[in-house]
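*Asks:* So you can see what is in the structure, the chains are spelled out below.
Protein chains: 2
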Amino acid sequence: METQQKATLQQLAANIRRWILNCTNRAGSGHPTSSLSAVELMVALFFDGHFRYDLDEPRYVNNDRLIFSKGHASPLFYALWCAADAIDEDDLMTYRRFDSVLEGHPTSRFRYTEAATGSLGQGLSIGVGMAMNAKYVDELPYRTYVLLGDSEMAEGSQWEAMEIACQYRLNNLVGVLDVNRLGQRGPTMQGHNLSVYQKRVEAFGWNTIVVPEGHNLCEISAAYEQAKACEDRPTMLIAHTLKGKGVSFLEDQEGWHGKALDDEQLQRALNELEEAPDDLRGALAKPQKVSFPVLSRSQPEEMNYPMGEKEATRTAYGNAITRLGDKYANMVVLDGEVSNSTRAEYFQEQFPERYFEMYIAEQNMVGAALGMALRGKTPFVSTFAAFFSRAFDQIRMCPYSGANIKFVGSHAGTEIGQDGPSQMGLEDIAMFRAVFGSIVLYPSDAVSTEKCVEQMANCSGIAYLRTTRGKLPILYDKDERFPIGGSKVLRQSGEDQVTLVAAGATLHEALAAAEQLEVSGISARVIDLYSVKPLDVETLRTAARETPLLITIEDHFAAGGIGEAVCSVLSEMPIRIHSLCVDVRPRSGTTEQLFEQQGISASKIMEAVKASVTLATHTEK
Amino acid sequence: METQQKATLQQLAANIRRWILNCTNRAGSGHPTSSLSAVELMVALFFDGHFRYDLDEPRYVNNDRLIFSKGHASPLFYALWCAADAIDEDDLMTYRRFDSVLEGHPTSRFRYTEAATGSLGQGLSIGVGMAMNAKYVDELPYRTYVLLGDSEMAEGSQWEAMEIACQYRLNNLVGVLDVNRLGQRGPTMQGHNLSVYQKRVEAFGWNTIVVPEGHNLCEISAAYEQAKACEDRPTMLIAHTLKGKGVSFLEDQEGWHGKALDDEQLQRALNELEEAPDDLRGALAKPQKVSFPVLSRSQPEEMNYPMGEKEATRTAYGNAITRLGDKYANMVVLDGEVSNSTRAEYFQEQFPERYFEMYIAEQNMVGAALGMALRGKTPFVSTFAAFFSRAFDQIRMCPYSGANIKFVGSHAGTEIGQDGPSQMGLEDIAMFRAVFGSIVLYPSDAVSTEKCVEQMANCSGIAYLRTTRGKLPILYDKDERFPIGGSKVLRQSGEDQVTLVAAGATLHEALAAAEQLEVSGISARVIDLYSVKPLDVETLRTAARETPLLITIEDHFAAGGIGEAVCSVLSEMPIRIHSLCVDVRPRSGTTEQLFEQQGISASKIMEAVKASVTLATHTEK
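Sequence lines, in order, name chains A and B.
Numbering-wise, the UniProt record's numbering puts 24 at position 24 of the first sequence, and it's gapless, one number per residue.
Numbering-wise, the UniProt record's numbering puts 83 at position 83 of the second sequence, and it's gapless, one number per residue.
Hints were generated in silico from the structure; no laboratory data involved.
There could be a bad hint or two in this list.
Since the list gives no way to pick one copy over another, a pair counts as held whenever it fits inside one copy or between any two copies.
To be verified - When the alpha-carbon atoms are kept at most 27 Å apart in a straight line, the in silico DSSO-like pairs for lysine-lysine are as follows:
1. K478 - K327
2. K199 - K228
3. K310 - K259
4. K310 - K471
Keep in mind it's a predicted model, so treat the numbers as computed, not measured.
Kindly produce the complete structure, drawing on both the sequences and the hints.
*Replies:* Now the structure itself:
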């Protein structure tokens with residue numbers, strides 16, 4: 001690095017430190033010391049020619065990518081863009097205000113945020129997804145950088161990301177580990193022991209570059225250069241830094257995490273910083289311009305499920321993604337080492353270049369899918385419904401990146417039988433309904449499953465599809481439509497005494513119950529509630545007006561499930577609602593035994609209806 | 001190992017193989033091949049004098065512990081206890097039946113199950129908790145063994161457990177890694193490359209012992225002996241094994257995962273096994289008898305919160321565990337590197353020997369807490385409410401171990417303000433309500449928080465306490481009682497036109513709204529719903545009978561929250577229910593701004609009441 005360049009970068013660093021201290025002081029909160037430790041790491045990346053980025057087009061396909069996994073260093077993140085002249089100082093001073101897009105941790109409301117972070121240990125997985133996209137899908141030369149805190153290396157998700165990055169030989173991925181020794185409440189497990197990090201990262205198959213002086217711009221810049229030369233593996237820069245660097249009373253001190261300076265402290269701190277012109281700005285390197293093919297969309301073949309035959313909805317899912325793979329050329333499929341169960345393997349056979357085996361590491365799988373989504377893909381991510389609980393934190397964060405991801409959970413409910421409760425998704429509807437802005441679909445046959453998959457491919461945002469293990473009778477003709485937010489009334493008459501609302505396997509129990517109830521002279525309406533979120537409120541309200549009793553039947557726990565969802569939209573209607581669901585401790589057994597035990601079988605539905613109808617008759621008397 | 005002993009153990013192994021093949025054939029499902037690979041690893045442990053265990057007293061404090069992290073190898077697990085003469089062959093043949101305690105994956109219904117497993121990557125953390133308990137709490141010489149699959153080493157939680165086991169120098173913990181090369185759908189990432197595992201495990205600070213012949217009883221037994229000699233670190237046996245070992249057409253073959261043999265295959269397989277007497281049984285070594293002190297329980301001091309003053313409920317939580325620490329001598333506290341925020345640090349100051357810093361690794365924290373719970377402790381586990389989502393899989397599994405664990409999530413809701421959505425627990429009530437058999441408490445002031453904490457300490461099972469960041473006015477006298485399943489009616493009259501139901505920060509908004517509504521001539525009942533699960537159905541029904549309108553107000557998303565919980569218990573009541581909750585995209589801002597934005601502030605509650613009351617008046621006309 002030339003002397004002049006070094007002097008300029010040092011001045012830029014000083015300005016950035018000033019901005020960090022000022023904006024957190026104004027906000028009265030934030031993490032200045034965690035930002036100060038990584039100033040040089042980021043200044044060297046941005047302003048010494050490494051990071052190639054078109055400020056006018058943040059979503060440009062061949063921009064390099066930067067993810068702040070340590071999202072609490074947002075003051076540094078925003079200050080960097082200020083130093084690059086992408087935002088101005090006044091914007092920066094709105095930090096953390098309600099009317100500002102500069103949130104406490106970066107979200108997609110700020111246009112230069114590559115991915116929302118703030119829950120630690122998620123950024124590297126997102127970077128893995130972006131790097132996989134570059135290397136295997138878009139085949140573009142952009143590079144992905146992830147700034148990591150040392151505290152967050154305790155999260156297991158980091159090591160999931162490490163192992164997968166190694167497996168996929170992501171030489172276009174660079175981690176920047178800011179080893180500042182201090183966590184929130186005190187020292188990290190490893191302190192400044194860089195060699196421990198190095199040993200671990202190397203054991204996970206990465207190239208490592210130790211930067212003993214993590215505030216030395218020349219050393220750092222040389223490390224970035226060295227990283228580019230590694231052609232077969234991802235690289236981790238492991239840098240010795242000081243929390244609070246640049247301010248004597250903050251440097252390497254405990255007790256300053258997440259604390260803004262007061263006015264007096266701020267003045268003292270500012271006085272210690274090198275002087276630099278207020279209006280000094282740095283320039284980013286430009287990305288290589290690439291031609292990017294417009295993907296062709298061919299029409300899929302028609303599906304073929306003869307009415308009355310049986311098929312598992314998970315199989316229909318596998319068929320659907322395979323059938324639609326050509327039409328939706330942006331579709332990618334990720335699976336957690338259970339593709340022969342979820343049927344994602346069908347897609348793999350047809351489109352191996354767009355299928356990614358993510359092994360038994362669900363947190364990283366979701367993070368990587370998010371990375372691909374943010375690079376314009378439509379990821380379908382599958383595992384057992386139960387095991388998405390492993391990645392709930394990653395899933396709940398997706399909306400704040402504005403992401404478009406589709407989750408598919410197979411083997412839902414007690415329906416799986418003998419494998420027992422560890423494998424039964426019984427909380428998945430509750431979990432996915434609780435994700436901000438989500439869609440939850442739960443089809444009951446192969447036709448509606450395929451239609452739901454296409455709906456998911458067409459819509460933007462976060463959607464979940466619940467599939468079941470066993471074969472279920474085909475209920476619908478291939479021309480039937482299944483819009484998101486709809487439902488299907490499968491039986492009704494003018495004399496309905498009860499409405500049965502169900503989805504998935506229990507819908508078939510409801511249909512069987514309705515048939516037998518008819519024999520007993522009780523007329524039952526049956527609604528296929530394939531769209532659990534959003535709900536078809538109109539159809540439910542009509543049923544509530546027309547029948548005095550409504551029974552929901554679901555292979556899921558009560559809390560957050562279909563019953564509660566239905567109750568909440570009918571709370572103003574004068575109808576009795578009875579929820580049948582999984583409410584005794586689930587166990588191994590046959591599907592029939594378990595449905596009977598949980599009171600969600602056809603015979604138990606009949607009992608419930610008869611008890612309630614009798615009760616109603618008695619009450620009327 | 002003597003020749004005679006070796007011959008006997010080999011015969012025991014042959015019998016175990018026979019039982020594995022037979023019981024899965026009878027069940028028509030299960031994982032025989034995953035069981036066969038670890039037969040020798042477990043036979044050498046059990047029957048060559050290493051594992052010390054009193055069969056008559058499975059919960060004996062000084063028994064060695066064995067956790068099958070690869071829970072799908074349950075046929076082997078059950079067969080081992082059969083070989084030890086703890087259960088008989090007829091029991092074994094009930095495997096996976098509805099009327100059997102031998103479930104598809106081990107649960108607490110089987111008396112020799114140390115911890116329920118089946119969701120992969122959880123067992124090592126549980127073992128960490130048991131080993132921590134032995135070394136630091138009970139100070140007992142028992143050793144903890146964890147059988148691990150190679151596929152599940154892809155789970156990040158394993159590496160969380162590894163790093164913490166190293167940090168706490170758990171020389172009483174032994175991992176047994178069954179490297180059989182094959183996962184569910186094909187080869188693992190590392191195949192039979194033992195040196196990769198060794199390098200990684202060593203990099204995480206463990207002692208490693210490679211066992212190149214993982215079916216050689218002498219080699220394995222020597223490895224267990226060697227593990228005992230390591231005094232400063234945990235030990236991992238890394239064994240080269242073959243999936244399906246012992247049956248020529250299964251050995252090291254793909255396509256056999258999770259498949260039981262049919263009758264013809266079974267016969268062929270059985271013919272290949274060494275003959276052995278049917279009634280051959282092995283003996284376990286006895287545990288050392290220890291005297292175990294009865295812990296004294298002293299009465300805690302009284303709390304002191306003057307009515308009308310303010311305190312954060314998280315602070316009251318910290319005060320409560322510290323005040324009650326002497327009375328509940330089994331209480332242990334674990335925190336995820338945020339103890340200065342959750343206030344768990346108060347307990348640490350008073351009882352450092354019962355406090356465990358678990359760093360930013362929530363999955364392992366919950367697993368370790370489960371391990372301690374299963375060794376008779378009452379763990380209180382704390383982090384931000386949002387970050388428990390990281391450990392949802394571990395949490396949902398707790399009931400199947402019959403565990404007694406208390407979770408405490410601080411910084412719940414938009415109330416935290418400027419830090420933004422990544423730090424806001426907005427799905428935590430939904431998540432914890434969805435856990436089988438759980439209790440969910442959400443107090444609104446310091447007094448009720450302390451009372452809730454004592455209720456949690458007194459009850460058995462899984463309970464969650466939600467605390468908030470900011471200070472809230474003291475509402476209750478120290479003698480007020482807060483039973484689980486109760487509620488408090490804070491305002492009521494004979495002319496109530498509306499009932500406001502809230503908890504936590506929004507209860508204070510509801511109280512403020514009620515006060516101002518009174519000025520406008522509208523009388524509002526206010527219910528403090530501190531027990532969110534179970535609900536005080538009686539009080540809610542009374543309100544539903546006595547007021548025509550009920551409004552729930554919560555700092556949480558709609559799905560699975562308080563509104564839905566209340567709707568579901570009032571579904572048969574003729575009352576209009578209106579739910580105010582977080583329903584626009586949350587962001588950074590002040591608490592006041594965010595409550596206003598989300599419609600859960602006092603003024604927005606008033607607006608909602610007035611609109612509804614006006615609406616009702618109009619409708620009546």
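*Asks:* How would you label the pair K310, K471 (within, between, both, or neither) given a Cα cut-off of 27 Å?
*Replies:* within (5 Å within a copy, 59 Å between copies)
*Asks:* Classify it for me, K478 with K327: is the Cα-Cα distance of at most 27 Å met within a copy, between copies, both or neither?
*Replies:* within (18 Å within a copy, 66 Å between copies)
*Asks:* Indicate which option fits the pair K199, K228 if close means a Cα-Cα distance not exceeding 27 Å: within, between, both or neither.
*Replies:* Result: close both inside a copy and across copies, 21 Å intra and 26 Å inter.
*Asks:* How do K310 and K259 come out at 27 Å by Cα distance, when the copy is not named: within, between, both, or neither?
*Replies:* between (61 Å within a copy, 22 Å between copies)
When the structure is compared with the earlier hints, no violation turns up for any of them.
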